[in-house]
Amino acid sequence: AHGPHGLIAGTTGSGKSETIQSYILSLAVNFHPHDVAFLLIDYKGGGMANLFKNLPHLLGTITNLDGAQSMRALASINAEIHRRERLFREFEVNHINQYQKKFKNGEATEPLPHLFLISDEFAELKVNQPDFIKELVSIARVGRSLGVHLILATQKPSGVVDDQIWSNSRFKLALKVADRTDSMEMLKTPDAAEITQTGRAYLQVGNNEVYELFQSAWSGADYQPDKDEMGIEDHTIYLINDLGQYEVLNQDLSGLDLAEDIKEVPTELEAIVSQIQLLTESQQIPPVPQPWLPPLKERMTLQELEPIQLQEAWEQKKPVSVLLGMADIPQAQKQEPVSVNLSKDGHILLYGSPGTGKTTFLQSAAMDLARKFSPKDVTLYLMDFGTNGLAPLGQLPQVADTLLLDQTEKIAKFVRIMER
Numbered sequence: 001a002h003g004p005h006g007l008i009a010g011t012t013g014s015g016k017s018e019t020i021q022s023y024i025l026s027l028a029v030n031f032h033p034h035d036v037a038f039l040l041i042d043y044k045g046g047g048m049a050n051l052f053k054n055l056p057h058l059l060g061t062i063t064n065l066d067g068a069q070s071m072r073a074l075a076s077i078n079a080e081i082h083r084r085e086r087l088f089r090e091f092e093v094n095h096i097n098q099y100q101k102k103f104k105n106g107e108a109t110e111p112l113p114h115l116f117l118i119s120d121e122f123a124e125l126k127v128n129q130p131d132f133i134k135e136l137v138s139i140a141r142v143g144r145s146l147g148v149h150l151i152l153a154t155q156k157p158s159g160v161v162d163d164q165i166w167s168n169s170r171f172k173l174a175l176k177v178a179d180r181t182d183s184m185e186m187l188k189t190p191d192a193a194e195i196t197q198t199g200r201a202y203l204q205v206g207n208n209e210v211y212e213l214f215q216s217a218w219s220g221a222d223y224q225p226d227k228d229e230m231g232i233e234d235h236t237i238y239l240i241n242d243l244g245q246y247e248v249l250n251q252d253l254s255g256l257d258l259a260e261d262i263k264e265v266p267t268e269l270e271a272i273v274s275q276i277q278l279l280t281e282s283q284q285i286p287p288v289p290q291p292w293l294p295p296l297k298e299r300m301t302l303q304e305l306e307p308i309q310l311q312e313a314w315e316q317k318k319p320v321s322v323l324l325g326m327a328d329i330p331q332a333q334k335q336e337p338v339s340v341n342l343s344k345d346g347h348i349l350l351y352g353s354p355g356t357g358k359t360t361f362l363q364s365a366a367m368d369l370a371r372k373f374s375p376k377d378v379t380l381y382l383m384d385f386g387t388n389g390l391a392p393l394g395q396l397p398q399v400a401d402t403l404l405l406d407q408t409e410k411i412a413k414f415v416r417i418m419e420r
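Numbers 1 to 420, taken from the UniProt record's numbering, label the letters of the sequence shown in order.
Rather than coming from a laboratory, the hints here were simulated on the basis of the structure. Ideal placement from N, C-alpha and C gives every residue a C-beta, glycine not left out. Careful, some of the hints might be misleading.
Unchecked claim - Derived DSS-like pairs (lysine-lysine); straight-line CA-CA distance at most 30 Å: (1) LYS344 to LYS358; (2) LYS53 to LYS104; (3) LYS318 to LYS334; (4) LYS358 to LYS334; (5) LYS358 to LYS376; (6) LYS318 to LYS358; (7) LYS104 to LYS156; (8) LYS376 to LYS344; (9) LYS376 to LYS413.
Claimed, not checked - Cβ-Cβ distance ranges computed for the label pairs, FRET-style: (10) GLN407 to GLY355: 47 to 55 Å; (11) GLY355 to LEU405: 13 to 21 Å; (12) ILE329 to LEU27: 25 to 33 Å; (13) ILE329 to PHE214: 41 to 49 Å; (14) LYS334 to ASP131: 21 to 29 Å; (15) PRO354 to LYS334: 28 to 36 Å; (16) GLN275 to SER138: 33 to 41 Å; (17) SER374 to LEU405: 28 to 36 Å; (18) LYS297 to VAL340: 17 to 25 Å; (19) LYS318 to LEU293: 25 to 33 Å; (20) LYS334 to PRO307: 14 to 22 Å; (21) GLY389 to LYS318: 26 to 34 Å; (22) PHE361 to ASN97: 45 to 53 Å; (23) ASN50 to LYS297: 18 to 26 Å.
Full structure from sequences and hints, please.
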């Protein structure tokens, strides 16, 4: 084998990104989503991640690695490593191929594909998040037998590819690089600096166990099927003249009256991804558990967090609880709603500086109680001593009264009632 991890280099215009796209597409075409999966590390955002967003083999995209997000990403990847180790212990195997054999034999029930971690420009990532790359390489080294593969790509390897990265990358793909120094950094030879053809690259495995010059496939060409989606064939006849130009000998207009509009032609990559998606859906292939869940949204509604039917909820007998929000637990590869059981845990103390969402929390808590419990089961007293943020809740049937800061007699009466 050519090794678990790889390094790709190519200057601007060399076809580096297209080579990576073809690499991903080739694996996706030849292997089941339960055999091969991808986790794309897209530091800048957009780009390649958008091309493969509908690919069933794609388990997630890591973007926006600023601040705490880099630690969150590492926690998710580490959790995947631990999950694989747990499954290996459970089924008494020590290599991914042994586990996959047990899965295909029906002994194991949870799919565990080879996981490719691919970063299309890790140089900027290494400069801004050096600890992330260092930890990522360390994780990949541990994950060899677990089926975790790291593919790092960069425009300029000189000064970026350190000894640890180079030694852990058994195979290298070197497209056209800027100068001899970059080529020497990758291949220990100047050959890649002399490449002139876009998509042309050297494959080096180990200590020149394999050293080949090859031409990468290009998946960005327009997709041209024999027939279009309406089943219309083009019977136009062309003559190629002495200048190599095409001349139409007959104009075939059959079927054009059926075509209401001319649709944009997809690329071969888009067509293949779409076909793989349709095949996966038609075969009802269940998705593989995702090691990377997207970060929590900035805003979530109560109904999104916990969908309920109002009438059914009011009729159910249950402890009094308040939905707090959604918990993000990357170490366990999950996100789940978090509630406080007031019947069991009692009171809540909430504190925070201005603008942190204290009033919003109280509004959400009151609304959650109102949608879960009927006025016969829950009574709310609103003590609004701030900026009247609780005033909109006054019309809820569960609200018995609203107390404002200047209503001293009303407040005193309420305190006496509570003391009884």
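Outcome of the hint check:
1. For the proposed pair LYS344 and LYS358, the alpha carbon gap of about 23 Å is at most 30 Å, so the pair holds.
2. Annotation: proposed proximity of LYS53 to LYS104 holds, straight-line Cα distance about 27 Å (limit 30 Å).
3. A threshold of 30 Å between alpha carbons decides the hint, and for LYS318 with LYS334 the separation of about 26 Å falls inside it, so the pair holds.
4. Restraint check for LYS358 and LYS334: satisfied, since their Cα atoms lie roughly 26 Å apart, inside the 30 Å limit.
5. At most 30 Å may separate the alpha-carbon atoms for a hinted pair to count; LYS358 and LYS376 meet this at roughly 27 Å.
6. Between LYS318 and LYS358 the alpha-carbon distance is near 26 Å, which keeps this suggested pair within the 30 Å criterion.
7. For a cut-off of 30 Å, the pair hint linking LYS104 to LYS156 is broken: about 42 Å separates their Cα positions.
8. Proximity of LYS376 to LYS344 is assessed by CA-CA distance (about 20 Å); at most 30 Å being required, the pair is judged to hold.
9. Straight-line distance between C-alpha atoms of LYS376 and LYS413 comes to about 22 Å, which keeps the hinted pair within the 30 Å bound.
10. Between GLN407 and GLY355, the C-beta spacing of about 26 Å breaks the proposed range 47 to 55 Å.
11. Evaluation of the 13 to 21 Å hint for GLY355 and LEU405 yields a pass: the beta carbon distance comes to about 20 Å.
12. The beta-carbon spacing between ILE329 and LEU27, approximately 30 Å, falls within the hinted interval of 25 to 33 Å.
13. A hinted range of 41 to 49 Å holds for the C-beta pair ILE329 and PHE214, which are about 44 Å apart.
14. For the pair LYS334 and ASP131, the supplied restraint of 21 to 29 Å holds, since their beta-carbon distance comes to about 25 Å.
15. Taking 28 to 36 Å as the suggested C-beta distance range, the pair PRO354 and LYS334 conforms, at roughly 33 Å.
16. Between GLN275 and SER138 the CB atoms are about 38 Å apart, so this pair conforms to the stated range of 33 to 41 Å.
17. The hint said 28 to 36 Å for the Cβ distance between SER374 and LEU405, and at roughly 30 Å that hint holds.
18. Here the CB-CB span from LYS297 to VAL340 is close to 21 Å, well matched to the stated 17 to 25 Å.
19. Separated by about 28 Å at the C-beta atoms, LYS318 and LEU293 satisfy the suggested range of 25 to 33 Å.
20. Evaluation of the 14 to 22 Å hint for LYS334 and PRO307 yields a pass: the beta carbon distance comes to about 18 Å.
21. For GLY389 and LYS318, the Cβ-Cβ distance of about 28 Å falls inside the hinted range of 26 to 34 Å, so the restraint holds.
22. Separated by about 50 Å at the C-beta atoms, PHE361 and ASN97 satisfy the suggested range of 45 to 53 Å.
23. A C-beta distance of roughly 19 Å is found between ASN50 and LYS297, which places it inside the suggested range of 18 to 26 Å.
The structure shown violates the earlier hints numbered 7, 10.
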